[in-house]
Amino acid sequence: MTDAPLLELDHLSTHYVSARGTRVVKAVDEVSLAVRAGETLGVVGESGSGKTTLALTIMRLLPPAARIVSGGLRFAGEDLLAKSPAEMRQIRGKHIAMILQDPMASLNPLFTVGDQVAEPVRVHEHTGRRTARERARSLLSAVKIPAPDQRLREYPHQMSGGMRQRIVGAIAISCEPRVLIADEPTTSLDVTIQAQYLRLLRDLQKEHGLALIFITHNLGIVARMCDSVAVMYAGRVIESGPVRTIFNAPVHPYTQALIESIPRLGDGPSRLTAIDGQPPDLASLPAGCSFQPRCPRALDRCREEAPGSITVAPAHIARCWLAVTPS
Amino acid sequence: MILLEAHELTKHFPLRRGLFSKVEGAVRAVDGVSFTIEPGRTLGVVGESGCGKSTTAKLVLKLEEPTGGEIRFDGRSLQSLDAGGLRRYRKSVQAVFQDPFASLNPRMRVGAIIAEPLVTNETLAKGEAKKRVSRLLELVGLPERSADLFPHEFSGGQRQRIAIARALALSPRLVVLDEPVSALDVSIRAQILNLLVDLQRDLGLAYLFIAHDLAAVAHMSHAIAVMYLGKIVEYGPAKSVAADPKHPYTQALFAAALPAHPDDQREEIILTGEVPSPINPPAGCRFHPRCPHVMDRCAQDVPTLGLAVGREVACHLYGGGP
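In order, the protein sequences belong to chains A and B. Read in order, the letters of the first sequence are residues 1088 to 1414 in the numbering used here. Read in order, the letters of the second sequence are residues -16 to 305 in the numbering used here.
If you're looking for bench data, these hints aren't it; they were derived computationally from the structure. Wrong hints could be hidden among the right ones.
What the hints assert, rightly or not - Not everything, but these chain B residues come out facing chain A in the computed CB check (under 10 Å): (1) E31; (2) S138; (3) S170; (4) I175; (5) H202; (6) P242; (7) A243; (8) T255; (9) G256; (10) E257; (11) R273.
Stated by the list, open to error - Listing some non-contacts, in silico: residues in chain B with all C-beta distances to chain A over 10 Å: (12) L44; (13) S60; (14) V102; (15) L254.
Idealized CB from N, CA, C, for every residue including glycine.
Please put together the full structure from these sequences, using the hints given.
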C-alpha cells in the first residue's frame, strides 16, 4: 500500500442543468474523497443523495444534461477531467471498471457470455479471438463459475441472478483494473449469494490490490467490507472517515440516526430511531444545511449558513456546525 | 390461544407441457408447512427467493388454494366455512405488500383508496365513511387533507402508510406483511417498522411478517420460521433463533446477514452453490447438497421438524425424524 491516493476527488461538483438553464440540480456538490490501492471505500446514501451521479462522474459517463462544473478528479496522478473522450475510453474498463446494480440490464442478451467477457480484453489489449477466449475461460474460473467451458457458450438468460452478477464481475476485472466501482452490486441477490459475491470481491481485491468503491444504501455492506466510509446527503458528503470511527463515534446527526435506525441482530423488540420527514428534493434545497429541517439538534446558525468541511479528527471530516460548537 | 394455525399446508403448481397441456410434474412451492400465530404476536418468515414464503402468504390470504393441508382460523378450518364465513375471514385477514407504488391505484384519491374496503364490505352512510377514513389517516400519522390527494403526491414511506391504513380499514385481526419496508429508503424504514409495532400494541394485531432482511424480521417478530425450498427447517422463538441458530441453513443464513456494525461480525459460513429448483428438489434433506455438515443419511431420509433444544429443527444432526 502506497501513501499516495490512487483516485482522488477534490471539491468535485456535478450539476444537472435543465434545457433552458433555469433549473440547476446539484447532484454532486463539493465532494472530496480519496482511495488508495488495496483499500475499500463505501459511499452510502439514500436514493437521490447523488451517489450514482458520483460514480458516473468518476467514470465520465454522465448524461448530456450533467456538467462537471468544478473541482478536480485525479487517477494515479493524472488529471481525468483533462482527458479527451478517446483517452477516457482507454482508461474506462481497463484502469477503472464498474459493476452496476442490475446484471440483466448490463449484459447484452444477444451475445454469448464468452463474447462479452472477452470483449474488453480484445478491445483494450488487442488480442486475437483465441487468446481472448482463453482469458475469458480463466476469468470465469476466477469468479468461481462451475463448468466455465460450457458457460462461455451460453446466453445471459440461461443463468441465475447470482451467476450473472459473477459474469459482470468477470467482465469488470478482465483487464485487471486498479479501481473497481461497484454500484449496489448485491441488491438483487439473495443473502447467501450476496455473501458469496462479497467474499469473491474481497478475494479479487486481495489478489490484484484493487481499490474498491462500494456505492450503496446498505450500511451493512459498509460494516462488513469497507475501510473507510463517506455518507452522502443531498449531493454532499456530510461525514467521512474510517469505518470504525464513523460507526462508533458519528458526529453528524444524520449519520447517528442512520446507524441507529437499522435493527441489530440480537436486540429485542425495541423502538428504532426514526428520522422524521424525508430526503429533500435536490432541485429546491432548504436554506443553510440541507439536513436542517429533519435534524433534531438544529441550531439557528444551521438555517442560515451551510457548514463547510470540519476536521473532527485526522481523516474524520463532518459538515456540521455541531462539530465546531460543543453542545 | 391460537388465532391462525396452518397444518401440513401444501401448494404444488402443476407444470404443463405440450399441445394438450399434459401435467408433467409440479413446482413444490410449499410442501407440508405447519405454524401457528397467536393474537397480538408476530410470526416472521425468512428464506431466500423460491423458498415458498410468498406462496405461504398467498395461501393465508386465500389468494391461492392449497393442494394439501389446511388452515384453521379461530379454531375453524377454512374448508368448512360457508360464503358468509369466508367473507368474515377475508375481512379479518388483510395485507400490506412490498411496493407501495404498485399497490395503490394511481387514478383514485387516497380517501377513496382507504374507503374502498369499507364501501365494499359494509353499508355505511357517506359521512361515516369519511369519518372512518380520517381516523385511519390519523392512526398511520398522515394529515387529514391527504384524503383529497392522489398517490403520486406522496413519497414511498407515506404511500406505505396509506397501504397500511387501507389494510386496517376493516379492523382486521391478522395482517400479512410481505416485505413491507424493502422498497423504502433506509431512514424511512425505521418510521414504518415503528408504526407497525405501535399499531400492533394499540390494536392487538397479529402479523405474518415476511422479509429477507433478517435483522428486521428478528427485530419485529416473536417467533421465526426459516424456510428452505418449500419446507420449514427451523421454527422457534425469535430471540433464540437469531442468537443461536441450530439448523446449518439457518446458521449460514444468519452468518451471511450483513452486520449492523463493524464489530458485529459473525464467523463467515459461505454456502457453496445456489438454491436448487423446487421442481426436482434433492432427495432426503433438501439442504444436503449445500450443507457443510452433510452425513450419509441426509441424502436418503427426510428429516422432520422435531423438537430439539427448545425449538423445532428439521435436521438429522439433532436426531430429528424417523
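task: Give me the numbers of the hints this structure contradicts, sorted from smallest to largest.
output: 15
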